[in-house]
Amino acid sequence: MNRPSEWKMRTSALRLAVLFSLAFSATAFAQKPGDEWGVDVNGFALGIYSARTTGNQPPGPEGRALLLAEERVRLDVTGWTDAVDADVRIKLDGVHDAVTNNFNLDLREAYIDYTKGNADFRLGRQIVTWGVGDLLFINDVFPKNWVSFFSGRPLEYLKTGVDGFKARYSSSPLNAEIIIIPRFEPDTMMTPKRFFMYDDYGSVTNRDKDLPSTTLGNTEIGLRLYRKYGGFDLSAYAYRGRWRTPGERADNPNNATKVTSIYPPLSVFGMSAQGSAFGGVLSLEGGYYDSRDDRGGKDLAVANSQTRFLVGYQTQLWRDFTIGGQYYTEIMSAFDSYKRSLPSGFAAKKKYRNIVTLRLTRFLGHQTWKLALFALYSPAESDYLLQPKITYKFSDNTSATLGGNIFGGKKRTTFFGQFDRDDNAYINLRYDF
Amino acid sequence: MKPTTIKLTVTLFLGLAVAAVSTGALAASAEQIMERSQRAFHYAGNDAMGKLTMELIDRDGGKRVRVLNMLRRNEGAGKEQKYFMYFQKPGDVRRLTFMVWKYPGREDDRWIYIPAVDLIRRIAAEDKYSSFVGSDFSYEDVSGRDVAEDTHVLLGEARIGGRDTFVIKSIPREAAAFTKRISWIDKKNFLPLKEEYYDAQNELQRVFTADRIENIAAGEGATRRLYPTIMKRTMRNVKTGHRTEVTVNSVAYNQGLKDADFSERRMRRPPRAWIR
Chain A
4 MNRPSEWKMR TSALRLAVLF SLAFSATAFA QKPGDEWGVD VNGFALGIYS
54 ARTTGNQPPG PEGRALLLAE ERVRLDVTGW TDAVDADVRI KLDGVHDAVT
104 NNFNLDLREA YIDYTKGNAD FRLGRQIVTW GVGDLLFIND VFPKNWVSFF
154 SGRPLEYLKT GVDGFKARYS SSPLNAEIII IPRFEPDTMM TPKRFFMYDD
204 YGSVTNRDKD LPSTTLGNTE IGLRLYRKYG GFDLSAYAYR GRWRTPGERA
254 DNPNNATKVT SIYPPLSVFG MSAQGSAFGG VLSLEGGYYD SRDDRGGKDL
304 AVANSQTRFL VGYQTQLWRD FTIGGQYYTE IMSAFDSYKR SLPSGFAAKK
354 KYRNIVTLRL TRFLGHQTWK LALFALYSPA ESDYLLQPKI TYKFSDNTSA
404 TLGGNIFGGK KRTTFFGQFD RDDNAYINLR YDF
Chain B
5 MKPTTIKLTV TLFLGLAVAA VSTGALAASA EQIMERSQRA FHYAGNDAMG
55 KLTMELIDRD GGKRVRVLNM LRRNEGAGKE QKYFMYFQKP GDVRRLTFMV
105 WKYPGREDDR WIYIPAVDLI RRIAAEDKYS SFVGSDFSYE DVSGRDVAED
155 THVLLGEARI GGRDTFVIKS IPREAAAFTK RISWIDKKNF LPLKEEYYDA
205 QNELQRVFTA DRIENIAAGE GATRRLYPTI MKRTMRNVKT GHRTEVTVNS
255 VAYNQGLKDA DFSERRMRRP PRAWIR
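Residue numbers (the working numbering), protein chains in the order written: chain A, 4 to 436; chain B, 5 to 280.
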C-alpha cells in the first residue's frame with residue numbers, strides 16, 4: 004500500500020531541498036550582527052525485529068517468520084535564530100529493511116514554524132494528533148500506519164505526517180486551529196504480503212489503487228476550536244476530507260476480476276472533553292462520520308455513515324502504577340440498506356461495533372523498568388488484541404523493549420480476528436544521540 | 005499526649021525560641037514556621053525561571069542525568085501555582101513538557117506533551133506517591149506539600165552547619181508517602197536545611213539536605229530583593245542507597261511571566277528564552 008520507494012525518496016529529497024533553502028535564505032535575510040543562531044542535531048539508532056510466533060508463513064517472498072526486521076537511523080535537525088521567531092526542523096529516518104534488503108528514506112516531519120503575536124504557523128510535513136482516546140480514534144482523522152502498530156514499531160510510528168499548513172490562534176476565551184492538507188495521505192494498512200488477513204475479494208489478484216489527485220477540490224480542511232471550561236479541556240472539531248481506510252470497489256461484486264482501493268469523501272464533526280474527576284482523568288469524545296458519497300448506505304465499496312463515541316478513565320492505583328479503561332462504540336447509520344446490498348458469501352458487519360480497552364502501566368527501579376499491557380476486546384465481534392511490553396533502560400541512551408501482539412477471536416472475518424495467525428513477538432533496541 | 009499537653013509543650017518551646025532569637029520569627033508557631041518555610045522554598049518571588057540538573061545515582065555509583073527547564077508562577081497571593089517543565093535530557097524525552105496547575109486542598113491538574121506525536125493529554129498522578137521522573141523526589145517534594153495536610157510540632161532548636169534551626173516534627177493527617185517527617189528550618193531564611201522522612205515501619209527512609217544556598221538578586225534600586233535559594237539539594241534513600249542530587253544551573257525571579265504562559269500553546273512550542 005506504500006507509494007513506490009523511489010518516488011518517496013525523490014519527493015523527500017525535493018522537499019528537504021526546498022525547505023532548507025527557504026529557511027536558510029529567510030534566516031540569512033533576517034540575521035543581524037550579534038544575533039545568536041544555531042543548528043541542533045539529535046537522533047537515534049533503532050533496531051526493530053518482529054517474528055511471527057504461530058509457525059505459519061504467508062505465501063510469497065516476504066512471507067517469512069520475520070514480520071518486520073529493520074534498522075533505522077533518525078536525524079532530527081533544528082535550525083533557529085534569534086533574529087525571527089521561527090525554526091526549521093527536519094526529522095528523517097534512514098531505513099534498512101532487512102526482510103527485502105532495501106534501503107529507504109522515511110521523511111517523518113519537515114516543517115517551518117513561525118510565530119507572530121498570538122498566532123503560530125507550521126508549514127510542511129507534520130504529525131497531527133487530535134482527540135482524547137487512548138489508541139481509539141474519533142476526531143483524529145490524520146493518517147495512521149497500522150502495520151507499525153501491529154508489528155512492533157514504537158508508538159510514534161503509528162502516526163504518519165501530512166503535508167500541509169497549520170495555523171493556530173491562542174487567546175483565553177477561545178483557541179482555534181486550522182489545518183489545510185493539499186495532498187492526500189492514506190492509512191498504511193496490512194497487506195497479504197506479510198499478514199494473514201481476511202478479504203472479501205481474497206481470490207482476486209488484479210488490484211489497483213485510486214488515490215485522490217492533488218487538486219483544490221480534494222484539499223482537506225480540519226478545524227479545531229478549544230478552551231478550558233469548568234476544569235475540563237473542551238474541543239470541537241470539524242473535518243472535510245476523505246476516508247483514509249480504503250473501500251474496495253470491485254468491477255462486479257458477484258464475480259469480481261479486478262478490485263480497486265478507493266478513498267471516498269468524508270466529513271467528521273465531533274467534540275471531546277477531558278478533565279479531573281473521581282480521583283483520576285475522565286475522557287469523553289464523540290463524532291459523526293458523514294460518508295458524503297453514500298448517505299443512503301447502498302454502495303458496498305463506500306463505508307456507511309457512522310456515529311462514534313468513547314468514554315475513558317485513568318487513575319493511579321499506587322506509586323508508579325496506573326490503570327486506564329475505555330469503552331468505545333460505533334453505530335452504522337444505514338445498516339438496513341448495507342445489509343440489503345451485501346452479496347451472499349460476504350462477511351456481514353454488525354450495526355454496533357464496540358471495544359473495551361484496558362491499560363496497565365507499572366514503573367520499577369526508578370523508572371528503569373516499564374511494564375505495560377494494552378488490551379482491546381470487542382464484545383460485539385468477540386475478538387481481541389493484547390499488547391504486553393517490557394522496557395528496560397540500560398542507561399540514559401540505551402534501552403531495549405520486548406513486546407508482543409496477540410490477536411484472536413471467534414471468527415477470522417472480524418478486525419482483530421483476521422490476524423489470528425499473525426501473533427508476533429518483537430524486540431526494539433534503541434540508542435539515542 | 006493529650007492536646008493540652010501538646011499545646012503546653014509548644015508554648016514552652018516557643019517561649020524558648022522567643023528567648024533565644026532576638027530578630028524574626030517572634031510569634032511563630034510550628035505551623036507558622038512551616039508556612040513561612042514553604043513560602044521561602046516554593047513560593048519565592050512572584051515567579052521563577054531556571055534550569056536544573058538532576059542526577060540519579062544508584063548504590064554502585066551508576067549515574068543517570070536529567071536536565072530540565074522549570075518555570076513557576078504564583079497565582080495571586082493565595083497558594084495556587086502554575087508550573088512548566090521542559091526536558092532537554094535524556095534524549096528519549098527531549099522536548100517533552102509537563103504543565104501543572106497546583107491547587108491547595110484538591111487534586112492538581114497535570115498535562116504532558118509528547119512531542120513525537122504532537123499530543124497533549126492529561127495525566128492522572130497522585131503527587132504524594134509518584135516519583136518525579138524516576139528520582140528520589142516525589143512530585144510533592146518538587147512543588148511543595150500543603151502545610152495543612154500535616155500536624156506540626158516544634159521539637160526544639162539545633163545548629164546545623166553553623167546555622168540556627170527550628171526542629172519540627174510533622175505527622176500527616178491522612179495516609180501519605182511518609183508517616184513522620186522531622187525538618188530543620190533555618191531561623192533566618194526559613195529554608196529547610198535538612199528533612200528526615202520515616203516510613204510505615206517508623207524507620208528512617210529518606211533524608212533531604214540543602215547542600216548549597218545562595219542569595220539570588222531580583223529587581224533594581226528600590227525593588228531590588230534577595231531571595232535565598234537552595235542551589236544544590238540531595239534526597240537520599242537510606243534504605244536502598246539510591247540518591248538524587250539536584251543542582252540549579254541558573255535561576256531568575258520576577259521575570260514577569262504571565263498566566264497565558266502556562267498554556268497548551270507554550271507546551272507545544274516554548275519560547276527560546278525559556279529553554280536555553
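Honestly, the hints are just simulated from the structure, not real lab data.
Keep in mind that this is a model prediction, so the values were computed, not measured.
Accuracy of the hints is not assured; some may be wrong.
Take a look, some chain A residues computed to stay more than 12 angstroms from chain B by CB distance [stated by the list, open to error]:
(1) Q60
(2) L69
(3) G136
(4) K169
(5) R186
(6) T194
(7) R230
(8) A241
(9) N255
(10) D293
Between beta-carbon pairs, the in silico distance windows are [said to hold, decoys possible]:
(11) B:E79 <-> A:G41: 32 to 38 angstroms
(12) B:A264 <-> A:L405: 41 to 47 angstroms
(13) A:D293 <-> B:E153: 37 to 43 angstroms
(14) B:I164 <-> A:D88: 44 to 50 angstroms
(15) A:R67 <-> B:A264: 40 to 46 angstroms
(16) A:F397 <-> B:G245: 32 to 38 angstroms
(17) A:A378 <-> B:G245: 33 to 39 angstroms
(18) B:K67 <-> A:L367: 15 to 21 angstroms
Just so you know, even glycine gets a beta-carbon here, dropped at the ideal spot from N, CA and C.
Exclusion check [G136 (chain A) not at the chain B interface, CB over 12 angstroms]: 10 angstroms, violated
Cβ separation check - R230 (chain A) to all of chain B, threshold 12 angstroms: The claim breaks: R230 (chain A) does not keep its Cβ more than 12 angstroms from every Cβ of chain B (closest is about 10 angstroms).
Range hint 44 to 50 angstroms (beta carbons of I164 (chain B) and D88 (chain A)) holds or violated: With Cβ atoms ~47 angstroms apart, the hint holds.
Beyond 12 angstroms from each Cβ of chain B, as asserted for L69 (chain A): Given a closest Cβ separation of 25 angstroms, the condition holds.
N255 (chain A) non-interfacial with respect to chain B [C-beta, more than 12 angstroms]: With a cut-off of 12 angstroms, N255 (chain A) remains clear of chain B, as the shortest Cβ separation is near 42 angstroms.
12 angstroms Cβ clearance of T194 (chain A) from chain B: 24 angstroms, holds
41 to 47 angstroms as the expected CB spacing between L405 (chain A) and A264 (chain B), which holds or is violated: 44 angstroms, holds
Outcome for the supplied range 15 to 21 angstroms, where the beta carbon pair is K67 (chain B) and L367 (chain A): The hinted range 15 to 21 angstroms holds for K67 (chain B) and L367 (chain A), with Cβ atoms some 19 angstroms apart.
Supplied distance hint 33 to 39 angstroms, evaluated on CB atoms of A378 (chain A) and G245 (chain B): 37 angstroms, holds
Check on D293 (chain A) being off the interface with chain B, judged by Cβ distance over 12 angstroms: 25 angstroms, holds
Cβ distance range 32 to 38 angstroms for E79 (chain B) and G41 (chain A), holds or violated: 34 angstroms, holds
Check on Q60 (chain A) being off the interface with chain B, judged by Cβ distance over 12 angstroms: 32 angstroms, holds
Checked against the numbered hints given earlier, this structure breaks hints 3, 4, 7, 13, 15, 16; the rest are met.
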